[in-house]
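Undergrad: Residues per chain are reported as follows:
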Amino acid sequence: MKTRRSLACLLFALSVASAGASAQVVVVVGAKSAISPMSKEQLTAAFMGKIAGIEPVDLLEDNPVREHFYAKDIGKSASQIKSHWAKLSFTGKGAPPKEYPSSAEVKKALAENLYAIGYIEKAAVDASVKIVYEGR
Amino acid sequence: MRSGMKMNSASWLLAATIGLTTISIQAQEKPAVEFSGSGFLTLAAGKILGGTRDNADTNPNYLGYKGPHFISDWAQGAVYENKGVQLAPDSRLGLQGSAIFSPNFSLTGQVVARGARDGKVDLEWLYGSYKVNNNLTLQIGRKRLPILYYSESQDVGVSYPWVHLPTDLYGWQVVNYNGANLMYRDQIENWSYTATAFAGAETNKDSGYQKMYNGKHSKTNVRWTNILGGELALSRDWFETRIGYFQNDAENGITGTSDYQAKYRQKIYTLGFVIDYGNWLIRNEYYVGDLSRVEEKDYAQIYAIGYRMGQWTPMLTYSNYQTRYKVGGPIYGYSHDGEERHDTRSVSLRYDLGSSSALKLQYDDYRDYSGPTFHAGGTVATGNARLITLSYDKVF
Chain G
1 MKTRRSLACL LFALSVASAG ASAQVVVVVG AKSAISPMSK EQLTAAFMGK
51 IAGIEPVDLL EDNPVREHFY AKDIGKSASQ IKSHWAKLSF TGKGAPPKEY
101 PSSAEVKKAL AENLYAIGYI EKAAVDASVK IVYEGR
Chain E
1 MRSGMKMNSA SWLLAATIGL TTISIQAQEK PAVEFSGSGF LTLAAGKILG
51 GTRDNADTNP NYLGYKGPHF ISDWAQGAVY ENKGVQLAPD SRLGLQGSAI
101 FSPNFSLTGQ VVARGARDGK VDLEWLYGSY KVNNNLTLQI GRKRLPILYY
151 SESQDVGVSY PWVHLPTDLY GWQVVNYNGA NLMYRDQIEN WSYTATAFAG
201 AETNKDSGYQ KMYNGKHSKT NVRWTNILGG ELALSRDWFE TRIGYFQNDA
251 ENGITGTSDY QAKYRQKIYT LGFVIDYGNW LIRNEYYVGD LSRVEEKDYA
301 QIYAIGYRMG QWTPMLTYSN YQTRYKVGGP IYGYSHDGEE RHDTRSVSLR
351 YDLGSSSALK LQYDDYRDYS GPTFHAGGTV ATGNARLITL SYDKVF
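Quick note, the sequences are listed as chains G and E, same order. Using this note's numbering, you'd call the opening residue of the first sequence number 1 and step up by one each time. Using this note's numbering, you'd call the opening residue of the second sequence number 1 and step up by one each time.
Don't take each hint at face value.
Said to hold, decoys possible - Once the Cα atoms are required to be at most 25 Å apart in a straight line, the calculated SDA-like pairs of lysine to any residue come out as: (1) 32(G) with 103(E); (2) 267(E) with 238(E); (3) 72(G) with 240(E); (4) 267(E) with 325(E); (5) 76(G) with 267(E).
Quick caveat, the hints were computed from the structure, so don't treat them as lab data.
Taking the hints into account, I'd like the entire structure generated from these sequences.
TA: Spelled out as structure tokens, the structure:
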């Protein structure tokens, strides 16, 4: 019984993970933000902390939407991103993005900070945010 | 004299910090202070595989180092000697803590304990950071000198592809300074740029760099004053370039005493290119040091190319260093006699373990071409050395 339940849980977790990994990701800002739609090049610069006045926010590291976003839209591995922020954060040149556990939390952060930019599953888009980049 | 210097810089730091705190408290809306902590670790093991030993017949432990020996970090006095597997030279642990008083003001401190200094804990960074607006940041306190691309993150192994940075280029008497810097960031079209200006001073008691010239057990002070410089980093997509300049008045101590030799002015010019195109990595940096009052010019460069294959990054690196002295005329000519010249060929392999840690393996072939006066004159002459190192780097 117990084994079967664990197996069911595992299958459920896997299906959620794969659904997350294959769902389309969009890059959003708060509905009142002045940040305008951007190119892929600008998007990469923004998430590497290179654009003054734009503060990227992240989902937690094990979140499949985050993995999907960096791999498909930014085109960099998790370790490349970590190396980049390690170079900045230990040298006083920038702090890595704040991390939030869910799309709902990301949307809340974007509503509170009009300089912030984040990524969520397209299905999670609502009136509190506007899309500045359509991811893959 | 020296204790006076210390008092001055310490009280200045304190005053500056209090000043910034006051600005911040006035601007603050929420009274809560947020704290954050992070750190980095490098555990490395290395072994000399061979080479030559200078003055081997007459002095087998030349300068106190059992040769052949390999210098892995000049500033910290990190040396692999010919005595089996060693953990000390490149291993270190760093801890960083920040107190964030408001979105615009924070205080950050970083301490590093390193094997090269027998585990002694050094305060490497302690600064207040005040964000004037989205473009401009003012920082006051103790920081690393932004000499070359990786100078400030030299202790953070995860931030670069090698076990240790190319030592022909990354070798300094002084790597920290107490002072202030202004950083301005903006974009022009699709180019992002960061322009930084910095000023300050530093007294290094017991310079690791000077041990390479004066002996393992020697103690020499180095004092840099009137440090004034700037750097401009420009990036777009896969391309990044930086140019840097700084000048300072340098005084090398008289070994074993608290006195200094004559002061001289040095001017340092740097240029670098960092390319991450698809899976290709190119790291290319140039350095020219003009120490005209002591009739010396230094040249160093690095050429490195690597290719990312998933978690693996193999890399080939060549670096060299050459000092030229003025001989007889107004032009810096070539005088092999007193010349310090060396180069290094390195093969390295980085393997990413998850996102925050990496294993690296590196083979260095260091060759010493310094002139005869240099070898016989009782100053640095390491001879050739071949080194293998394995490291585990982590950030947390």
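Undergrad: If a hint holds in the structure, say so; if it does not, say that too.
TA: Consistency of the hints with the structure:
no. : hint               : in the structure
1   : 32(G) with 103(E)  : holds (20 Å)
2   : 267(E) with 238(E) : violated (30 Å)
3   : 72(G) with 240(E)  : holds (22 Å)
4   : 267(E) with 325(E) : holds (15 Å)
5   : 76(G) with 267(E)  : violated (38 Å)
The structure fails hints 2 and 5 (numbered hints given earlier, in ascending order).
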